[in-house]
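Number of protein chains: 2
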Amino acid sequence: MNIQSVKGTRDFYPEDMARRNFIADLWKEVSIRNGFVEYDGPIFEYLAMYQQKSGDEIASQLFAFEDRGGRMLAIRPEITPTLARMVNQRINALPRPIKWFSSPRLCRAERPQKGRLREFFQWNIDIIGVEDCLADAEIIFCAADFLLAAGMTAADFVVRISSRRLIAAMLEYFGVEKEKLNAVYAVLDKKSKIPQDAFEKMLEEAIADSDKRRKILALMSVDSLDKLGGIAGADENANKAIDELKKLFGWLATMGIADLCKFDIGIVRGLAYYTGIVFEIYDKAGDMRAICGGGRYDNLLADFGGQKITATGCGMGDCVLGIILEEKGLLKNLAVANSIDYFVAFAEESLQNDALKLIAKLRRAGAKADFSYKGGALGKQMKQASAVNASKCVIIGQEYQTGQLVVKNMTDGSQQNVAEKDFFDGLRQQ
Amino acid sequence: MNIQSVKGTRDFYPEDMARRNFIADLWKEVSIRNGFVEYDGPIFEYLAMYQQKSGDEIASQLFAFEDRGGRMLAIRPEITPTLARMVNQRINALPRPIKWFSSPRLCRAERPQKGRLREFFQWNIDIIGVEDCLADAEIIFCAADFLLAAGMTAADFVVRISSRRLIAAMLEYFGVEKEKLNAVYAVLDKKSKIPQDAFEKMLEEAIADSDKRRKILALMSVDSLDKLGGIAGADENANKAIDELKKLFGWLATMGIADLCKFDIGIVRGLAYYTGIVFEIYDKAGDMRAICGGGRYDNLLADFGGQKITATGCGMGDCVLGIILEEKGLLKNLAVANSIDYFVAFAEESLQNDALKLIAKLRRAGAKADFSYKGGALGKQMKQASAVNASKCVIIGQEYQTGQLVVKNMTDGSQQNVAEKDFFDGLRQQ
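Protein chains in written order, with our numbering: chain A, 1 to 430; chain B, 431 to 860.
Simulated from the structure, these hints should not be mistaken for laboratory data.
Ideal placement from N, C-alpha and C gives every residue a C-beta, glycine not left out.
Worth double-checking, as some hints may not be accurate.
[Said to hold, decoys possible] Simulated DEER-style distance windows between Cβ atoms:
id : chain 1 : residue 1 : chain 2 : residue 2 : range
1  : B       : 856       : A       : 94        : 51 to 61 Å
2  : A       : 421       : B       : 656       : 34 to 44 Å
3  : B       : 821       : A       : 151       : 46 to 56 Å
4  : B       : 610       : A       : 92        : 36 to 46 Å
5  : A       : 328       : B       : 521       : 31 to 41 Å
6  : A       : 305       : B       : 737       : 26 to 36 Å
7  : A       : 328       : B       : 608       : 54 to 64 Å
8  : A       : 218       : B       : 520       : 53 to 63 Å
9  : B       : 856       : A       : 180       : 27 to 37 Å
10 : A       : 412       : B       : 809       : 52 to 62 Å
11 : A       : 412       : B       : 810       : 25 to 35 Å
12 : B       : 608       : A       : 402       : 48 to 58 Å
13 : A       : 66        : B       : 487       : 19 to 29 Å
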């Protein structure tokens, strides 16, 4: 039997795992320092949960299966529905605001390509129960905090921000029917991703009226918040949305990240459930890939059978992110971090037992320790010590007859004899 | 829409996540200090991979599904086949011995019950390329090291050890046909798990000959390594297996864990691929639940299309383990570890902007910082600071007009005024 892995999945060999852990550990560290606490849900849920609210694209990419009781289940393609379900279940017991994060493994039946796999990890941060766009600002700050902590700068990425509320108000103001909004969002979301003529053709298929299309195209070419007022006229909803965006940019300036953020009317987001502020973070190099996306979703908890409670959040996958960090040289020398503290070498086979005793004691004391199964010449063992990046090598040789260990510093090559008791006393004090 | 979670899966609310992280973090820490490096594979693989070598029980519990290309896939019920596939793919590039660990999420379509869920996490440690049973000893040491590090003692658990090689040799010596071995293993594995008469009835169904059954029952009642010699007679394979077990117990004594280990002929293991030393770790309290199981599997890499390379390893699930650690009070006060460093309170709404600036700076500097969205009276904000277990509270009040912050120690209630610049200088020095 010679079986391969499934296309679009990844094997994480130790060096790949080191890269994955660097990203996941930093997601966690940044989440915690921003006041988020970790949660997770099951890897599979009832299929129906993803068919209604995730939007057509995700619903068409589900890995669905039937269990032996005939129930239709699916591997999670996103974690937000699970978040909504979990929060709803305990809504009265959870102190608000709820600030939760998770880094779930997700699966989508996509056609595998660079930066898009059928299985990936996605950092999610969400704030539930805060109406003020200060919460949206905090989500954006936290996502930016991660990218800066990973070594990226204002030269590397930009947060593009807009508002579903604004787009909805403007489309209604232009006379687009409410039932058509979701279909039009899906078209507008493509604007920066496809050529202008292809975009205009898609828009024509969604909106027959050329006057409405002209207005929409004019709106989509606005390049600053200040210019929006003229188009919105006296429309109350549109002006409220514009005021909210202005307030958001105020918070972002207060938090010191105004230079990373930009209003961009073309940000609409593909998912069906967004209702207010929406944003995407783009890599400035190459083809401006989206690193992260999110926004406010005020109806999702109610849609899942709960109370109507406001919420906002974002997701950042590990595929595009990993490629970008790799390109920028920010994932170098990670494997070295797995180095061990003590490599125990023994000068002859009769001393192997003593070496094993020492290793067992070292490990029980919390030190990372290893040895050579093969044994053999000391020189060979020292080479193996170098290969596993040992900080120190403890040599059990002739000196051990008088209870002395030889401790060699592998960085500078210096070595000294230490009584075994003193060696362990020193270890405990570290 | 009011959707529930699927039975047999778990929601990890923050307090559950803290428990899961305690276990997963300690698995990782103990693995690394024992010289293992982390790997992982995909959450799904080709279905065929699990149908051939995992044994009937696992093969009957697969969550299988078809992708859009008509390929039959399954969520992983164990990670060892993935390990074999990955090692085979790079066998010539990987330095040996290969010492790898992983803590994968696994799914099995079991009937949910206490300690058995349809989705769980399982720590796996494996050593590939070492023939000597020193590798088995190291696997056992590492598993025991974890349980001891988690706070358990020799009073809490025992490692029961036997040998598939021994059982195979004895069964052949008794005249049991080779083709029947796997079926008889499955029966013998049940010995300690079901009543004696039920066990004997199962054995009768597998072995018609009463003389053979009598010999097998006599073998299965042996309670020490020394008594095995008499039953094995001059059979060479059986005596080799006995010598190997004696050598293993020698290594375990050298490593200082002889008091935790016991020979037990009843340990056979359900999985089909074991070939040598096998062991299970049992909780001594209550119904002697198995916490961990493993052994040597010398044919698995070859079975998966690779070279014949010796290997040994074990798995420890989080369900039974979690219940036991909980019962012993070893998972207390974990949520507190999520406490934050600085809660920033502001005396009046006009100071909220200054509070946000401070929080952004604190977070960017790596400190865990949070604030109250609601603001309001200082006393209320201080209560919230206590609720999130803040170590310190930074108050922005009247003193801030002269650049002074009030820093309150939440443990002893003491407070002092600090100039903002000095505050951040102190932070950088920590």
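Verification of the supplied hints:
| no. | hint | result |
| --- | --- | --- |
| 1 | 856/B x 94/A: 51 to 61 Å | violated, 35 Å |
| 2 | 421/A x 656/B: 34 to 44 Å | holds, 36 Å |
| 3 | 821/B x 151/A: 46 to 56 Å | violated, 28 Å |
| 4 | 610/B x 92/A: 36 to 46 Å | violated, 60 Å |
| 5 | 328/A x 521/B: 31 to 41 Å | holds, 33 Å |
| 6 | 305/A x 737/B: 26 to 36 Å | violated, 55 Å |
| 7 | 328/A x 608/B: 54 to 64 Å | holds, 59 Å |
| 8 | 218/A x 520/B: 53 to 63 Å | holds, 57 Å |
| 9 | 856/B x 180/A: 27 to 37 Å | violated, 58 Å |
| 10 | 412/A x 809/B: 52 to 62 Å | holds, 57 Å |
| 11 | 412/A x 810/B: 25 to 35 Å | violated, 57 Å |
| 12 | 608/B x 402/A: 48 to 58 Å | holds, 55 Å |
| 13 | 66/A x 487/B: 19 to 29 Å | holds, 21 Å |
This entry does not satisfy hints 1, 3, 4, 6, 9 and 11, going by the numbered hints stated previously.
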